Structures are given as structure tokens and as C-alpha cells.
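Here the protein sequences line up with chains B and Z, keeping their order.
The opening residue of the first sequence carries number 121 in this note's numbering; numbering runs sequentially from there.
The opening residue of the second sequence carries number -9 in this note's numbering; numbering runs sequentially from there.
Bear in mind the hints are in silico, worked out from the structure with no lab data behind them.
Since the model is a prediction, treat every value here as computed from it, not as a measurement.
One or more of the hints may lead you astray.
Pulled a few chain Z residues facing chain B out of the computed Cβ check, cut under 8 Å [to be verified]:
1. Tyr100
2. Ala118
3. Met180
4. Phe186
Built from N, CA and C at the ideal position, the CB exists for glycine as well.
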Amino acid sequence: MNETTTKPAAKDLDPKLLEVLVCPVTRETLDYDRASQELISRGAKLAYPIREGVPIMLPEEARELED
Amino acid sequence: MSETQTHDQTRTASFGFKQVDWSQKAGMVKGVFDSAAPKYDLMNDLMSFGVHRVWKDMMITKLNPQPGEHLIDVAGGTGDIARAFLDRADAVQRRRGGQPASAIVADINYEMLQAGRKRGLRDHMDWACVNAECLPFEAASAHAVTISFGIRNVTDRAAALSEFHRVLKPGGRFFCLEFSRPTTRALEKMYDLWSFNAIPQMGEWIVKDRESYQYLVESIRRFPIQSAFAAEIEAAGFKNVKVTNFSGGIAALHTGWKI
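Extracted from the complex, chain B is given alone in its bound form:
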């Protein structure tokens, strides 16, 4: 079983998914912060967490960003 070598790491976000994801509040495109595993919406000042490769696109679960 060497599936892990042929597939992207389960914890990383699929780049194809990132292409179609927008902020559910502002509908803007998002910045992927690989280190913190978050999707950043500058307009909404929210950071959406990614858990085990699954983006949690719920504003109530997002971290509020300071200016």
C-alpha cells in the first residue's frame, strides 16, 4: 500500500477545490495559509479552518482576524 505517495496528503487542501471555493460571506476568493491550515477571507476578516483536509466554510466556526 503506497497510496500516500500517489495521492496528495490527506491533510492538505486539494488545489482544485481551492479554485472554486469563495468566502460564504463576501463571495471573494480565499488565500490558503498552508502553515496554519486556514483559508483567509480578507474582506470578511475571517480565517476558515481546515480539518483533516476538509475546509470548514462556516462563519460561526471561523477565527476572527484583527486588522
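Given chain B, work out where chain Z should sit, using these hints.
Coordinates of chain Z only, in the frame set by chain B:
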């Protein structure tokens, strides 16, 4: 889910037969599915006499997945619709060629998504935790949007329907499978007896959770009948809206097109 708005600004939503505060419903539904996630298929088996798999299969056949198409399956939970969509599209691709199809399984409940991911990940299949009322997807990005046995759990159904319309490409199709209203009195009586008596009892025996199953039964009865729901889909902008009853109306498939 029928909403009422009164002068004192209290907006309520139906939670089964109870009226609850509008803002509370999503959390309460989440509670039902956190509790039910591990036995979700069993729950649908009980509610449909095991036939929900056949209904889903009929929906996919009608949907006619094609290579290169992109599906968003809302309330996709364990991912069975997305997997079936990709299987069918890939089979066509092997015969005729074309680009691979892709699918996103979108669900508000993270536990449901994790249950689905444990069944296996595959290429061109992604997972996202979303609220159907404000989808995190680009406008005009999908060829098809499906939701099966999920729309009745959405608080603001009109918002969700217009979101489904927004994310579809022109020419895209919306397919919604949901428990509905039996079309004959005899069947309705029998189904009521089964659902109001047997199912909450089985919920208690099998998952030690009578209340969640009581909610599911009641939410099915609260959901608008076929023609009323079709009118809601039309109000969201869909054209050529059609209803197909399955098993005498125990479930119904609603379809609509974005022109």
C-alpha cells in the same frame, strides 16, 4: 421549516412539529445528525423500507452524469451520491473519452463528512463543510447540484434554493430527492402508522435516541407537498420544474433547470 414572522420580531422555524426560534434550528438539526451519523444509512433504511438506495439509483440514472461535469452534492453526508455520479461518468468516459468528472460533497455536519471519508477517498472527489443557505462556491461553477434527503433540514429553504441556482452554470440542473406525501389515502395511512409508531421505537432500541427519530418522522410530515415545493423551486428561478413520485409518493424527485 415553514416560517412565521410576527410583529414582535420573533421568527420561528419548525423543528419537527415544534416551533423553535429561527436561529436555533440549525444547531438542533446538527444535534440530530451528530447523534445519527454513525447509523445514518440504517435510519434511511427504516424510513424507506430499505428502498432509498433504489430511489437514489433512479435519481442518478435520470441525472445522466457525463465526463467533465462538476457536481455539488449538498447535504451529501457520506458521499454515496457523489460516488455514484463519478462511477457513472467514468464509465461513459471509458467508452467515449473526455475529461474526468468531479464532485464536491458538501455538508453542514463535519461528523457526517468524516464518516463518508472513512469509506474511502478518491481522485476528483472533494469534501467541504458548508451551510446550504450561503454556499462557499463560485457562481456558475457546477453542471449539477443535488440534494437528497437534506432539504427538509434546511432552515431558510428559499435562501438555499437560490444558492443552488447561483452556483449552477447556465444549462445546469438541480435534482432534489426528498421524502414526500403518499399519493393515495391508503398508502398514507399505512405509512403514518409505520412512521409515527414504529420508527421512534426503533430509534430508541437501535441507537438509544427516540427524540432524533421522532424529529425525522415529524419533519417529513411538515415538509411541503410535491406541488408546493415545486412552486418554491420555480420561485428561486428554476425553469422546466418537474416532479417524479417514487414508491407512490413516499419520496419525490424534483428537478429544475437553470436557463
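Here's how the hints hold up against the structure:
Interface hint at tyrosine 100(Z): satisfied, since its Cβ lies 7 Å from the closest Cβ of chain B, which is below the 8 Å cut-off. Evaluation of the alanine 118(Z) hint against chain B yields a held restraint, the C-beta minimum of about 5 Å falling below 8 Å. Of the supplied interface hints, the one on methionine 180(Z) is violated, with its beta-carbon coming no nearer than about 40 Å to a beta-carbon of chain B, more than 8 Å. A distance limit of 8 Å between C-beta atoms decides the matter here; for phenylalanine 186(Z) the minimum to chain B is near 33 Å, and the interface restraint is violated.
Consistency note: the structure conflicts with the earlier hints numbered 3 and 4.
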